[in-house]
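Visitor: Each chain is listed here by its residues.
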Amino acid sequence: MVDFGFGLVPSSRINLDLFDREKFEALAALEPDVRKCMACGSCAAVCTAGKFVRTSVRDAIEELFNAHPDKALDLLKSCQLCGKCTMVCPRGINTRHLILSIAKIYGTK
Amino acid sequence: MTPLYILPLQTAPEVIDRIPSGYSNFVIPFVVGISFMLIWLTVGLFRLMAKIPARDRRRLWKSFFIPKIALKNIRDLFCDCLFHTKIWKRKPLLGYMHSAIAFGWFMLIVLGHLEVALFVPKHLAWTDGGLFYPIFYRFFVWINPGHVSLRGWFFFFLMDFFLLYVLTGVGMAIFKRFRSIVLGMRHTTKPSLADRIALYSLWLIFPLRLLAESFTADLSGGSFLTVPVNMLWHWIFGNNLYFMPVWWAYSICLGLFFAAMPFSRYMHILTEVLWILLRNAGLQPSHPRKGVAEAEIYACSSCGLCLDACPMNVQKKNLKYSSVYFIRFLRRHNEKKINDIADKCLMCDKCHALCPVGVDAPALRRAQRATVNDSLCYDYSYLQNRVPAPEANDIVNVATGISDAPEVMYFAGCMTHLTPRIIKSVEKVFKAASVNYVFADRDGGICCGRPLMLAGKTSAARETISANRKMILDSGCRTLVLSCPICYKIFKDEYNLKGIEVLHYTQYIKRLVEQGRLKLSSCDERLVYHDPCELGRGCGVYEEPRKVLSQVGTLVPAAKEGDESICCGGSLGSLTLDARDRAKITESSLVNLVANNPQTIVTACPLCLMTFSGPALDTVSHNSGEEATDVKVKDFAEVISQRV
Amino acid sequence: MKNNILIIGGGPAGLEAASGLQRLGYNVILIERSSMLGGHLASWDRLFPDGVSARGTLKGLLAQMDGVKCFTDTEVRSINRLEKSYNVILSNGITVLADAVLVASGFDLFKAEKKEEYGYGIYDHVVTNADLEAWFNAGPDSDTRIDKPKRIGFVHCVGSRDEKSGCRSCSKVCCATAVKQACEMKQAFPDAQVYCFYMDLRMFGRHYEDLYLSAQKDYSVRFIRGRVAEVSENVDGSLLVKAEDTVAGKPLKVTLDLLVLMAGMRPSAAGKRVGKLLEMPMEEDGFFAVRDGILAGQRSGLPGVFLAGAATGPKTLPETVAEARAAVVEIDRYLSDIFPNVKNYKTLVRERW
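In order, the protein sequences belong to chains A, B and C. Under our numbering, think of the first position of the first sequence as 1, with each following residue one higher. Under our numbering, think of the first position of the second sequence as 1001, with each following residue one higher. Under our numbering, think of the first position of the third sequence as 2001, with each following residue one higher.
Think of the hints as simulated: they come from the structure by calculation, not from any bench. In this text, all values refer to a predicted model and were calculated from it rather than measured experimentally. Glycine included, every Cβ here is placed at the ideal spot set by N, Cα and C. Be aware that a few hints might be false.
Computed beta-carbon distance windows for the label pairs [to be verified]:
1. A1595(B) / Q2064(C): 48 to 58 angstroms
2. A29(A) / G2056(C): 53 to 63 angstroms
3. S2043(C) / R1478(B): 46 to 56 angstroms
4. G2056(C) / K1428(B): 27 to 37 angstroms
5. S2035(C) / R1526(B): 24 to 34 angstroms
6. N2080(C) / K1560(B): 36 to 46 angstroms
Just a few of them, taken from the derived set where beta-carbon distance is under 8 angstroms, the chain B residues facing chain C [to be verified]:
7. P1420
8. K1424
9. S1475
10. G1476
11. R1478
12. S1613
Let the sequences and hints guide you as you build the complete structure.
Guide: Below is the structure:
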């Protein structure tokens, strides 16, 4: 077989087959509203820590869906739990609790 | 009635041992019960003290010799353990009930020992039945008729008086199980099995004591209560009264009570004493469960006053999250329920404020949260890339127009950025009073750290605190003014800002008015002030905002205010409370505020402002009647800025 | 004796239904709460997607109103169901025995000051879509908030799709309105840069997508997918807007001279009051419930009470007019069934032939 080198370099394409359904369902059991996110971006827009370093709940949820939990944790590690995102979320998601839950379930122990 | 002894009149003592051995089998249940309880108590006490750091133990020991603390200890022991003054102040009938049982029983025990000491002192010794003799005094002695002194009659009277006092309390306690609202409690604690055993035996103890003592009143003396009952028994049963069964029943009930006590809520009778001593010595829990925290957990008497206090309990389904049940699960080590309850709490501190024992259940919940959340990974290295000092064009000196070190630093905080009318109003007020101020976080800043602390992430909070602290200390300001009570509390308590005065804007504006830098005009708008949880119960600031507001309008009271104010429901303290439950809390808080028909609700917290201005206000406005004019919600600075 | 029909609300739905029913021969009484007919349409400038004049459209609706008894500044005081009709007492003292009632109470605009983080009523340069339409009508100097802006932003979904504002649903027309107004602002200020901050662009109707294309191509309107979450004011009065560009995945900020908030449609408060008097079934968000969303969209749950227009939910103008005409047919059918012997124009015509 001809080798184009795809095996060496990881594909930049998102592979939804790698989505960890079980862990996500555990997260949804703690915070069911995580499924309601419509990616409007209000949370990232008001973020206190976002002034210094990229912090985004919307993007973290997206990365969890796209099977990149490490990227999700990276986006949330600078969160100061100030609560502004929870105050502005139009879908009424308890983003503060979601951030803590993501850290609990996906955080390396 | 034939006397057992006949002695020459001159040497007749007033009181004689009726039972020469000073012992009877019926005391066994009591002795077994109380010994079990005392051993349990002693072992528990040692284990508890062992878990307290040695340094704190020494501090406790020293505190006994500091006059101020020793006096406070004595005062607290009498006021809290015996008289329950804290309950009297809020609900007099309930206070009477608790104090009747506590103080009444205490006096019965003390007087019983006094009687033995005065009349048959040899039986105070433990070898001679010192454990049970004073308790069953009226069984063991025989009063020499005609030789009772005035002192003797006095004791008969006192014992009967206190017995009646306790019986009224027990009667109320039984009534409370059926109609608690009469005593001022809407919800009461659901008793566990051990609670029930102890409770029912406690109810029986005093009626049985009355029965037993009245059966022997003609032998051992009595007064206005026991003697008439004694006459009744003679009338029913004739000359010979067989009183052994009653005394057995009395002893069994006592034994049962003490045996069940370590597993029930009634252990608080003794552990409360330890807790008061620890608390007055200034000891803080170093571990969420052991040591001082354990004393606190066992000091809770399950009285259930926190059930009515908790704002979540406007919905019955949330009763299970109350502090009394949290403490119960802590004792039982039910980890799942503990975490569930700990995460739900709004941290409004009302249960702590109303607790007659002063148990700080919110602090225990925070400690519990920390055991789970403090170890979650975080990365605040970006805080080291410092926020530059406030730029020169931010320093506003209205009078001279020259840039110089500002007198006042205004820190708006995260939430205030979502309520811009607060910022605009504060700046307008500062300009009107010619305050030389710098707006530290005009472009946003670092969170004060209290939300992190409330969530239990104490190490993360320390990092934001140190970053902010450096910024504030470097700025050269002398006064720090906050518009958010959450920020105010942590800046005041945890930041340790040497040389800088930390004020909430309500206090600062009051000062400006008193200094004459701010002139206010008045009008007859009806205002009601909402005490934010963090400002009122959290920091004790109740009067300053009211003093200023009464100068700009007519201040009407809410139905409940001060340290009984109802949380708005928007608190960051709760991690898991959902929007629907919060809306119900907001509604109940609004209904409380509009009780006296104000035109405007004034708050001093951006979170309260946001919460009260939301959809819940429409629901309350519509429910309060067709023709009701809409109540407005305004911020404190907004009201002031409209009156300068 | 002809049947009486009471129409509550003098907006486009009420006017179109009134003229339709009048032509069929019924005795139509129309009441309007304010002092002018036309509802919100009377205060608009140009309508999407083709930019026709709102005034002209209103004139068209009013042209056919001969014979309809209109009472402005009038509200319903009380209303009782009798055996087959409704006994209605109006605030001007007149009593109407209405055989059918059409509720066309329309909508109210969401009060943008409730979204405090956008600063409406607090900052100097924040207006709503309604304010902008009024400004287009009244002229360039009529609103001090609009002061030769060079950088203009439109915020979609203000008060809609937002649990925090108490309204989960979409208000349907604000996206098309925003795109239209963006183009119009570009026409008014050709040098300005216009931004639209949206969550989703709902350009569902005929020619709407062309409007969107034209906004991008001809007017250089920049569409940013991300909700504006916080607005603060700079010292010079300009606005600092914070949003996230969710397509790029990065937070963004921009300084603007004017911010236009697309306030959503909420049920009319006056309409709700009438609904309570009638005990009309309402949906959770306060709009009136229809008997069947597909086959009976103009019938309410009550006999003899019909609905048309924005009273049942956010609607575009063409839909409103179509609903009004559908209501005419429904009312006509209903009255013919309930009152077979009453002679309205139609029956007279039939008899003549």
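Visitor: Hints first: check each against the structure and report whether it holds.
Guide: Here's how the hints hold up against the structure:
1. A1595(B) / Q2064(C): 48 to 58 angstroms: Once the Cβ atoms are compared, 54 angstroms apart, the range 48 to 58 angstroms for Q2064(C) and A1595(B) holds.
2. A29(A) / G2056(C): 53 to 63 angstroms: holds, 58 angstroms
3. S2043(C) / R1478(B): 46 to 56 angstroms: Roughly 54 angstroms apart at Cβ, these two residues keep to the hinted range, so it holds.
4. G2056(C) / K1428(B): 27 to 37 angstroms: Hint violated: Cβ distance 46 angstroms, outside 27 to 37 angstroms.
5. S2035(C) / R1526(B): 24 to 34 angstroms: holds, 32 angstroms
6. N2080(C) / K1560(B): 36 to 46 angstroms: Between N2080(C) and K1560(B), where Cβ atoms are some 42 angstroms apart, the hint holds.
7. P1420: holds, 5 angstroms
8. K1424: Holds, about 6 angstroms.
9. S1475: Where the cut-off is 8 angstroms and the nearest Cβ of chain C is about 19 angstroms from S1475(B), the hint is violated.
10. G1476: At 22 angstroms from the nearest chain C Cβ, G1476(B) fails the 8 angstroms test, so the hint is violated.
11. R1478: violated, 24 angstroms
12. S1613: Holds - the Cβ of S1613(B) comes within 8 angstroms of chain C, reaching about 7 angstroms at its closest.
Against the hints set out earlier in the document, violations occur for numbers 4, 9, 10, 11.
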